[in-house]
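Participant: Sequence:
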Amino acid sequence: MQLYKTHIIHPHTHVPLIVYYNQTEGFVSFERDEKVLKAIYNVKRDLALNKQFQESLRRATQLCQTQYPLDTLRQAEQFLKKLGIEEQSIKFEKVLLH
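If you read the sequence shown in the numbering used here, its first letter stands for residue -19, the second for the next number, and so on.
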């Protein structure tokens, strides 16, 4: 399996996400970046209680439940740019699987 990932902040929800591109299967998927969220909560404890941010987390969770079919890594990058991610923020790196 050829798997790539990048870390982003969603431009509308401001939720940190990990984006995976599975080149073998041809799709992009999203996952909430729980490590970054934990670090944010440690610094800004009141954010965990903020209703607007919690709604953003809920919307991000919905995004994470879908796979988006794309044929190439370049298409994955273009897809993220269409979502509003700045090109310099998109840095896919290959994931080594054991």
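Think of the hints as simulated: they come from the structure by calculation, not from any bench.
Watch out, some of these pointers could steer you wrong.
[Stated by the list, open to error] FRET-style restraints, in silico, Cβ to Cβ: (1) Asp26 to Ile(-11): 15 to 21 angstroms; (2) Lys24 to Pro49: 32 to 38 angstroms; (3) Phe59 to Lys15: 31 to 37 angstroms.
Values in this document were obtained by computation on a predicted structure and should not be read as measured data.
We treat Cβ as the ideally placed atom computed from N, Cα and C, and that holds for glycine.
Participant: All hints are to be evaluated individually against the structure, with a verdict given for each.
Facilitator: Going through the hints against the structure:
The given range of 15 to 21 angstroms is respected by Asp26 and Ile(-11), whose C-beta atoms sit roughly 19 angstroms from each other. Range check, Lys24 to Pro49: about 36 angstroms between beta-carbon atoms, so the 32 to 38 angstroms window is met. Distance hint for Phe59 and Lys15: a CB-CB separation of about 24 angstroms, inconsistent with the stated range 31 to 37 angstroms.
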